[in-house]
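Put chain B on the given structure of chain A with help from the hints.
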Amino acid sequence: MKVAQLIEKRRVHWQELENLCAQMSSSRKKSIGARNIARFAALYRAACADLALADSYQLPPNIVDYLHKLVGRAHGQLYRSQRVDWSKVGDILFRQIPREIFNDRCVQLTFWMFWTVFLLTGFMAAHPDRFPNFAAEIVGAEALDMYEQMYADAPSRSGGPTAAGAAFYVEHNTSIGIKCFVVGITVIGGICVLLFNAATLGATFGYMASPSVTPETSQHFFEFVAAHGPFELTAIVLAAGAGLRIGFSLISPYHKEETLLEDEVPAGQESLYDKSRRVAYERIDSLRMGAKRALPVMGASACLFILAAMIEAWISPSILPQAAKQTIAIFCSGLLMVYFIVLGYPRRESRAAR
Amino acid sequence: MVAPWNTEAIDSQFKVVTPENIAFNYQVAGPFRRLLAFLLDLFIRLAVVVAFFILLGVLGVGNAFVQAGLGDLMMALGTLAVFFFNWFYMAAFEYWWNGTTPGKRLLNLRVTTDEGEPINLFQSAVRNLFRYVDMWPMVPLPFAWMREQMTADPIVVTFLFALIVPIFNNRFQRIGDLIAGTMVVIEDRSWLMKVAKIEDDRARLLADYIPPNFVAPRSMVKAVATYVERRRYFTTARRREIARHLAEPLLEKFGLPDDTSYDLLLCALYYRTFLSRHSSDGVRDDGQLLPNPEQRSPYENASDKPPVSVS
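Residue numbers (my numbering), protein chains in the order written: chain A, 1 to 354; chain B, 355 to 665.
Hints are computed from structural coordinates only; laboratory data are not their basis.
It is possible that part of the hints are untrue.
[Unchecked claim] With a straight-line Cα cutoff of 25 Å, these simulated PhoX-like cross-link-like pairs (lysine-lysine) come out:
| hint | chain 1 | residue 1 | chain 2 | residue 2 |
| --- | --- | --- | --- | --- |
| 1 | B | K369 | A | K2 |
| 2 | B | K369 | A | K69 |
| 3 | A | K9 | B | K551 |
| 4 | A | K69 | B | K607 |
Excised from the complex, chain A in its bound form (with noise of 0.2 Å):
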């Protein structure tokens, strides 16, 4: 048969293929029907044939390029982006991601790191005999002068809960979360980030616990922050250590075990051990990799910056006498260790699994 018949005879079937692509790519995919759905799937593989057959057709190259941009756009169509499958997000969340965490070396950096400099920070400004003008060159004077303003009067008079105020604490706090582990590609700058937040953070705690704020200030103060800490500082941690672990697998690849080749293996006694080696992976494919254990990092962290954010907005400034804040306080530092001990320290078949 000739070329030129072939080709329009098949041209129907193109443009219909055509037309398809674009009502599914304008509407729902349940709103086209049983049958045109058939159709596609059965035009799609003509055109796919079609397309492999092109080159011994010999069909004329701008036709193959047509044929290839066809294929493409059907592909698009057909193999569609996955909807999260929710019933497994329980079993990430309370299963998965707390063992990850606690095994996660970079999460253990962070955290050392950040209360050290967190309580280091935090004893010099407190003791303003022995370190005069600790806290001010840290945080700054009026940074402090405006802290002292602010927490004068009791939680409870000072506005209250609100629900802008909740929005605007989870929009501040989640975008410096964010920002916190993506910075954390050039390692540094995460180090960086996650210190300068530990000292500033350190030096206000140390400096409304020291002798040169009044006490009644200093009380509102720790009523206000209680509430809502152990799980706002958990939450900067562990945004950190993601980010470390980004960056971290950028600059230190990972590795794999790879057998040796058949002529490599040593000769004599050693040849009964040493019958593998160690091999970096790319860095692309590390840092992909890197990012895979992160991101569920960074959810856990999401999440405990939102609910901090609602404890901050709504309870934190709330009527409820002190001694109830301190309780919640207490119940989800508790909440964080369960999660994070109890859920997460390494089990039997996990560690058989390795």
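For chain B alone, coordinates are given in the frame of chain A:
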């Protein structure tokens, strides 16, 4: 491990092998087309925000809310909307619209994985969160008088990372693309061009003088087809100049006189390959392929023929 794309030609085409065991080419989108899409998305976001301000402020809807005692709720919703617009606008669209955002859709772009598959939620989230790194380095404004007049952080977003990182890989991937393992491809709809018509009778006559056992190799068919489909844009002298390289050795091979028009010979070859009865020997007539179900009555025996016969 040598990356497979390193062995391909340098023409921004990327080969995808589908589950149907077909390889087709995607064209990877360059930075400037993507910049345009990004600006379009930015513009759309801006337009939505401005529209809301007009609605709330100028038309007085905001005051009505405040009088109804919903001012607090409105503030909360507004703040949350800004938060999601800033961080998750692109990711949400790419997830729901199968790798496209409004801007990308207008410019026929689509995000796929490195293997040309659709992206998942994880990938769309990661590649868009890391836009923040793309804006680096963020440079503080240089002049003191500028700094004093501005209230917020006076920082210039240079987008230098977004420009430099794509240069160093073959698929113009940003940092976010590299981490998530995605790329942006052009998904053009192109018109199906017809096979060029040969009006000149002399070409058809000349085709009979080409030896019947001559089968042109693939690369030559490609060259001839490309030439003939474009020859109408050339002047006579230009046609002669271009066609000479292929036609001269062919004339010698076929034993045709030297003064034959080169252009005519290539047309004749095109006619022989694609239009004449001799073309595509060995290809059977597959008119039975793909009967259109719309044209048949539903009770016709549909089972005796397979819907597709892949030859």
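Quick rundown of the hints versus the structure:
1. K369/B / K2/A: At roughly 29 Å apart (the allowed maximum being 25 Å), K2/A and K369/B break the hint.
2. K369/B / K69/A: Measuring from Cα to Cα gives roughly 12 Å; hence the hint holds.
3. K9/A / K551/B: 17 Å, holds
4. K69/A / K607/B: 37 Å, violated
Figure legend: structure checked against the earlier numbered hints; hints not met, in rising order: 1, 4.
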